[in-house]
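**Q** So the chains spell out like this:
Number of protein chains: 6
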Amino acid sequence: MVTRGLYVGRFQPFHIGHLDAIKAVLKEVDELVIVIGSAQYSHKPNNPFTAGERLVMVRHALQEAKIADSKVWIVPVPDVHLHMLWVSAVEGYTPKFTVVFTNEPLTRRLFSEAGYEVR
Amino acid sequence: MVTRGLYVGRFQPFHIGHLDAIKAVLKEVDELVIVIGSAQYSHKPNNPFTAGERLVMVRHALQEAKIADSKVWIVPVPDVHLHMLWVSAVEGYTPKFTVVFTNEPLTRRLFSEAGYEVR
Amino acid sequence: MVTRGLYVGRFQPFHIGHLDAIKAVLKEVDELVIVIGSAQYSHKPNNPFTAGERLVMVRHALQEAKIADSKVWIVPVPDVHLHMLWVSAVEGYTPKFTVVFTNEPLTRRLFSEAGYEVR
Amino acid sequence: MVTRGLYVGRFQPFHIGHLDAIKAVLKEVDELVIVIGSAQYSHKPNNPFTAGERLVMVRHALQEAKIADSKVWIVPVPDVHLHMLWVSAVEGYTPKFTVVFTNEPLTRRLFSEAGYEVR
Amino acid sequence: MVTRGLYVGRFQPFHIGHLDAIKAVLKEVDELVIVIGSAQYSHKPNNPFTAGERLVMVRHALQEAKIADSKVWIVPVPDVHLHMLWVSAVEGYTPKFTVVFTNEPLTRRLFSEAGYEVR
Amino acid sequence: MVTRGLYVGRFQPFHIGHLDAIKAVLKEVDELVIVIGSAQYSHKPNNPFTAGERLVMVRHALQEAKIADSKVWIVPVPDVHLHMLWVSAVEGYTPKFTVVFTNEPLTRRLFSEAGYEVR
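Chains as they are written, first to last, in our numbering: chain A, 74 to 192; chain B, 74 to 192; chain C, 74 to 192; chain D, 74 to 192; chain E, 74 to 192; chain F, 74 to 192.
The shape of chain A in the complex, shown without the other chains (with noise of 0.2 Å):
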């Protein structure tokens, strides 16, 4: 069976921070589903970009970086603004994941609440 990782960011520029947490990921999973959080936000300093400019953002930095299309999902999920709920969100956005993949304390707390292994 596919093994497959979910990775959250804003991507508010995606940079190549975000690149090798992404490449050192895929090493330990089939598929990484890529979440694109914030997505309802644009025009504002911390949040400049577009979700369907962070999409083609994201995309052509894997595809230069020669990750497969395959390998990756790439889905923009809007905040639901409620810590509460967010888990079940992304959830409902995203093929299911077994794997979670941060270093953001509240995400690792939620995730894990909800029983996720987080990594």
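Mixed in with the good hints, there may be bad ones.
[Said to hold, decoys possible] To list a few chain B residues with every Cβ distance to chain E over 10 Å, as calculated:
hint, residue
1, Pro118
2, Glu164
3, Thr171
4, Glu177
5, Arg182
6, Gly188
[Said to hold, decoys possible] Taking CB as the label site, the calculated pair distances span:
hint, chain 1, residue 1, chain 2, residue 2, range
7, E, Ala97, B, His154, 31 to 39 Å
8, A, Asp142, D, Asn119, 35 to 43 Å
9, D, Pro118, A, Asn119, 12 to 20 Å
[Unchecked claim] With a Cα cut of at most 27 Å, we get these calculated BS3-like pairs of lysine-lysine:
hint, chain 1, residue 1, chain 2, residue 2
10, D, Lys169, E, Lys169
11, B, Lys100, A, Lys117
12, C, Lys100, D, Lys144
13, A, Lys144, B, Lys117
14, B, Lys117, E, Lys117
15, D, Lys144, C, Lys169
16, A, Lys144, B, Lys100
17, A, Lys117, D, Lys117
18, F, Lys139, E, Lys144
19, B, Lys169, F, Lys169
20, C, Lys96, C, Lys169
21, F, Lys117, E, Lys144
22, E, Lys100, F, Lys144
23, C, Lys139, D, Lys117
24, F, Lys139, E, Lys169
25, C, Lys144, D, Lys144
26, C, Lys144, D, Lys96
27, F, Lys117, D, Lys117
28, C, Lys117, D, Lys169
29, A, Lys139, B, Lys117
30, E, Lys117, F, Lys169
31, A, Lys117, F, Lys117
32, F, Lys144, E, Lys169
33, D, Lys100, C, Lys144
34, E, Lys139, F, Lys169
Because the hints were derived from the structure by calculation, they are not lab data. No residue lacks a Cβ here, since even glycine has one placed at the ideal position from N, Cα and C.
Here the structure of chain A is known, so what remains is to put chains B, C, D, E and F in place on it, guided by the hints.
**A** Below, chains B, C, D, E and F without anything else, positioned relative to chain A:
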């Protein structure tokens, strides 16, 4: 320059008619943005699948039909419920597109009013 | 440890069938969380009462039936309209529970999918 | 007729000051409606607990202080974020009340404008 | 002091019945607040026009009927979908008024409950 | 044909600078659409007045300045909080306009991107 088309559906479920339409459209454009509409709904008689389940369904169907992953962008977009805002919402969630393919009268009207070529 | 059950209804209005169900359920658990669903609606033919009016109605009916206040938690929960988020929303508004009592197929399915025992 | 007061807090967490205020207020009214405000928030530094966790916290604290369950109504109410709607939202979620107890200037102003006695 | 009335409609479209009602009401009050309800909807069979289109329609019809611009306030108000909040929402969007003119039973009930004179 | 301009402000409160700007703009266009932005907010330090109070304030100030009611359309528009949707929201709530007057960089950028002349 790449010509990019837009194709919108709820895909509850994705069926052979959708696949035929996508194949036909891909003869006219270089890339196709496939919007999974009403992305936030699921578990209802007329909207049984989550956006994530539909994403898997659409992508696997296209892969089986030998359509290259690199030709399409599959993007879940939640409904905003206000027709006056819907074209802007689609634009915000997707890569730029110039042609819209639809048989649905309201979609046709909304994108025409917004200045798009609709085929 | 206390066993806590969950019982969900709109209670528009609360009737004898609800009361009988609650009495039966209270033989199986120590405490019962009674969720007043669709809490934000009122003044409509199919949702005539506010959450506040229903709260009074349910509590007074239980008191008349000699059910101790300390055995139940009556909690209004607003609809989130997204089935994929609903279990999380109920979990967020209520004390922890381990068993769900329902005859309603969608409620049964959503809580089963989330890993609860449903009776 | 029963005199019913209103007392609003976020209770993140419930503390001794809240308990003292509630004890004092219960000398002036027969029953007290305790609104758990900002009910939809949790998992944040300034809003750590879910409405359900706060509900348990408040009720157990009152029981330990020998305040009868039958004297209070503990009701989670989600924020509507529009001050002009907030009094109506509280009225919709709670049993009828006639006096409002608060030290918070905005709450005082909003309920006064709506015609309530504020102490 | 100026007596100000309230008149609510969706005006999809504005018709002669509305105009007659407004003329009649203007004999009883000095100024009239005309609320364009369901302001956020458009492009639907039962809500074809945007709030902007309806604003133009109502104002031009009144001007043709020689009703002075200074006698009326035409104000689009979006639906809040919660009847318990609707009177507060109208109050927030409009100049103060003291009388409500309506034949619609729910509007009559909601404004009566809120303490307005309804004719 | 009538030339119609757009002028947007929150008007918390309306002041002499706004009035001077409106007078200047009215020399360049036949009619002016004055949008009262953030219409749903009030009772806050930085948004003290309701849309209704601001509507009265703006109209009375214009009348005192001898600007004919028939030259202006004063329209409250609630924020949608998503910059990508904001131009569409303004278009939906207002009469058609062709020129936008603003000094605010974001407003300038959003309307320019949408194809409007901005002065």
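**Q** Now tell me, hint by hint, if it's right for this structure.
**A** The hints, checked one at a time:
At roughly 22 Å, the least C-beta separation between B/Pro118 and chain E is larger than 10 Å, which holds for a residue marked as non-interface. Under the 10 Å C-beta cut-off, the non-interface status given to B/Glu164 relative to chain E holds; the minimum distance is some 17 Å. A cut-off of 10 Å between C-beta atoms confirms that B/Thr171 is not in contact with chain E; the least separation is 23 Å. For B/Glu177, the non-interface assignment is confirmed: its Cβ lies about 12 Å from the closest Cβ of chain E, beyond the 10 Å cut-off.
The claim that B/Arg182 lies off the interface is violated: its Cβ sits roughly 7 Å from the closest Cβ of chain E, which falls inside the 10 Å cut-off. With a cut of 10 Å on Cβ distances, B/Gly188 stays outside the contact zone with chain E, its closest approach being about 16 Å. Against the hinted window of 31 to 39 Å, the Cβ-Cβ separation of E/Ala97 and B/His154 comes to about 36 Å, which satisfies the hint. A beta carbon spacing of about 42 Å between A/Asp142 and D/Asn119 agrees with the range 35 to 43 Å that was offered as a hint.
About 18 Å separates the C-beta atoms of D/Pro118 and A/Asn119, a value consistent with the hinted range of 12 to 20 Å. Distance hint between D/Lys169 and E/Lys169 is fulfilled; the C-alpha atoms sit about 26 Å from each other, no more than 27 Å. Distance hint between B/Lys100 and A/Lys117 is unfulfilled; the C-alpha atoms sit about 38 Å from each other, more than 27 Å. For the suggested pair C/Lys100 and D/Lys144, the alpha carbons sit about 26 Å apart, so the restraint of at most 27 Å is met.
A distance of roughly 31 Å separates the Cα atoms of A/Lys144 and B/Lys117; the hinted pair therefore is violated under the 27 Å criterion. For the suggested pair B/Lys117 and E/Lys117, the alpha carbons sit about 23 Å apart, so the restraint of at most 27 Å is met. Restraint check for D/Lys144 and C/Lys169: the C-alpha separation of about 24 Å stays at or below 27 Å, so the hint holds. Only pairs whose Cα atoms come within 27 Å are accepted, and A/Lys144 paired with B/Lys100 is accepted, the gap being roughly 26 Å.
Proposed proximity of A/Lys117 and D/Lys117 is supported: the alpha carbons are some 23 Å apart, at most 27 Å. Distance check on the hinted pair: F/Lys139 and E/Lys144 sit about 16 Å apart at the alpha-carbon level, within 27 Å; holds. Taking the CA atoms of B/Lys169 and F/Lys169, the gap is near 26 Å; set against the 27 Å cutoff, the hint holds. Our distance criterion of 27 Å between C-alpha atoms is met by C/Lys96 and C/Lys169, whose separation comes to about 20 Å.
Annotation: proposed proximity of F/Lys117 to E/Lys144 is violated, straight-line Cα distance about 31 Å (limit 27 Å). About 26 Å separates the Cα atoms of E/Lys100 and F/Lys144, which keeps this hinted pair within 27 Å; it holds. Taken as a hint, the C/Lys139 and D/Lys117 pair is broken in the structure, with Cα atoms around 40 Å apart against an allowance of 27 Å. With a C-alpha separation of about 23 Å, the suggested pairing of F/Lys139 with E/Lys169 holds against the 27 Å cut-off.
Distance hint between C/Lys144 and D/Lys144 is fulfilled; the C-alpha atoms sit about 15 Å from each other, no more than 27 Å. Under the criterion of a C-alpha separation no larger than 27 Å, the hint pairing C/Lys144 with D/Lys96 is consistent with the structure, at around 23 Å. Between F/Lys117 and D/Lys117 the CA atoms are separated by roughly 23 Å; this keeps the pair inside 27 Å, and the hint holds. With a C-alpha separation of about 20 Å, the suggested pairing of C/Lys117 with D/Lys169 holds against the 27 Å cut-off.
Proximity of A/Lys139 to B/Lys117 is assessed by CA-CA distance (about 40 Å); at most 27 Å being required, the pair is judged violated. For the hint pairing E/Lys117 with F/Lys169, the CA-to-CA distance comes to about 20 Å; that is within 27 Å, so the pair holds. The straight-line distance between the Cα atoms of A/Lys117 and F/Lys117 is roughly 23 Å, inside the 27 Å bound, and the hint therefore holds. Between F/Lys144 and E/Lys169 the alpha-carbon distance is near 24 Å, which keeps this suggested pair within the 27 Å criterion.
Of the pairs offered as hints, the one joining D/Lys100 and C/Lys144 holds, with about 26 Å between alpha carbons and a cut-off of 27 Å not exceeded. Pair hint E/Lys139 plus F/Lys169 holds up; C-alpha atoms about 23 Å apart against a cutoff of 27 Å.
In the structure shown, a violation is registered for the earlier hints numbered 5, 11, 13, 21, 23 and 29, in ascending order.
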